[in-house]
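K.L.:
Could you put together the complete structure from these sequences and hints?
Protein chains in written order, with the working numbering: chain V, 1 to 284; chain A, 1001 to 1284.
The set of hints was computed from the structure by calculation and includes no laboratory data. The beta-carbon is built from N, C-alpha and C at its ideal position, and this holds for glycine as well. Check before you lean on any hint, since a few could be wrong.
Stretches of chain A that chain V covers, calculated by requiring three or more beta carbons in the stretch to come under 8 Å of a beta carbon on chain V [claimed, not checked]:
{"no.": "1", "region": "1043-1055"}
{"no.": "2", "region": "1175-1186"}
{"no.": "3", "region": "1199-1213"}
{"no.": "4", "region": "1238-1252"}
{"no.": "5", "region": "1267-1277"}
In case you want the letters, here they are:
There are 2 protein chains.
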Amino acid sequence: MKSVKKITILGVGFMGGSLARALKKKFPSILVIGYARSKASYGKLIKLKIVDKLERSLAKAVVDSDIIILASPVLSIIEHFKKIAPHLKENAIVIDLGSSKEVIERAAEKHLPKKASFVGCHPLCGSDKSGAQFFNPDLYKGSICLITSAGGKGAKTIKEMWEKLGSKAVFINSRQHDKMLSATSHLTHLISFSLTDFVPKNYLKFAAASLKDLTRISNSPANVWADIFLSNKKNVLNDLDKFVKTLVNFGQLIKKGKREDIVDYINHINKKHRTITHLAKQKL
Amino acid sequence: MKSVKKITILGVGFMGGSLARALKKKFPSILVIGYARSKASYGKLIKLKIVDKLERSLAKAVVDSDIIILASPVLSIIEHFKKIAPHLKENAIVIDLGSSKEVIERAAEKHLPKKASFVGCHPLCGSDKSGAQFFNPDLYKGSICLITSAGGKGAKTIKEMWEKLGSKAVFINSRQHDKMLSATSHLTHLISFSLTDFVPKNYLKFAAASLKDLTRISNSPANVWADIFLSNKKNVLNDLDKFVKTLVNFGQLIKKGKREDIVDYINHINKKHRTITHLAKQKL
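P.N.:
Next up, the structure:
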């Protein structure tokens, strides 16, 4: 990180805004630039004082920048590759925070110039809130950041950046990443959305704690999640299919009505669940 | 509640134990008796000092009691009806805290003597912890208690009891109750259990917050939930079928790949979700 003088963030929302503040906190001398396309978001971000400087021109925001962070929804990250390409300096490092990695990596390869390097990142943290106003400078502390481009020129610098911010950097290839995240996050959102859609509206005032738990992420933003589902379509549909089979099998067990079989099955699930709880409590 | 001198709790676990402490806190002069069948649970409960007196004989626990509270899993509540029937005093009120109400009401009608009255109760609160050691005397404060036997002789007294403990008592018939709880709680648990079963074990250490949210209730006790699924089988299987269709339709939307349609669908869900969040924040 020693040679880094200027960092630009495109997409100063909750994730990008929190990263801006985390970077300023850890590296006060680095200039952090934000990009705000619309007048409305410029006005909002200026008030929040979240970055050192806010640009409305993409060229100005990116020029001379050592690290460019793309923190918008997946499909818009791909659009940004094309737009920033002409303005990147020699040895610029471009990273993204998207939740699907294969399509992004392919697009980076296609659109970014050879003089720049790309490092795919996916910090495993977030919030059900969206918008820069909820920014949290400690968001990345104690979380895992998956890095999908171990081979790139900038990988070492970016690993160092995440580690200095208190994240644990873990290298994984983009194919494995997308397969894993489909199961651990994308399917989960699909289930929560579907459950909220399913529950009859007149029952909502009697929502038990369990329903509140399972629908908590149902306010995740539509544009972000439409992009994730579409950009990881194959894995998500595959997992959905398997999950539906798991549900139907459970239904069969209930239909058959052998109490002991249901008790055994739930006991097995209880045991597996303790692994999740145990891991959740581990310090990085 | 003025005429109530003695209350007996069968099933002094988390729910029953919390109720014992809530009753003692609000009505210090009422004698609260617990029943512990096994030596092990007797020893454990004696140490917790959760009730005024602990009995290992069901007859002794129930005799002269004004209110008998059945707080065990559903099928064991039904067994208790048969066992306590010969020992009930004139005008004794028997209530239960079970999560399925139709089978319980039918069993009460069949097994309890005419001199006693039955009031089905379902407090909409709980915890993913089980066991009397986690008892919380304020568990019922600010929660809803559904009462499914408005016509019974004891209904007025029991409504008063819940209200004095800070619960909002809502009358609903047992058929509607089971239909509603299937959608708001039973299906939710089935989904959580299935998701925990589904996720590949080697991915667990990278569990995102969303997965932790949705699997939180997967440690709910097997004996309790086997009974609930079996005692509300028809509604649960019916809702499971509808929910699977909702999932499959979402999958179709992703397969078709029209971004705007997915965005519209999630926006509609976001809006409905705000109703849940809004209701959750309401004071009773």
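K.L.:
A separate judgement is required for each hint: does it hold in the structure or not?
P.N.:
Outcome of the hint check:
no., hint, in the structure
1, 1043-1055, "violated (count 0)"
2, 1175-1186, "holds (count 5)"
3, 1199-1213, "holds (count 14)"
4, 1238-1252, "holds (count 11)"
5, 1267-1277, "holds (count 10)"
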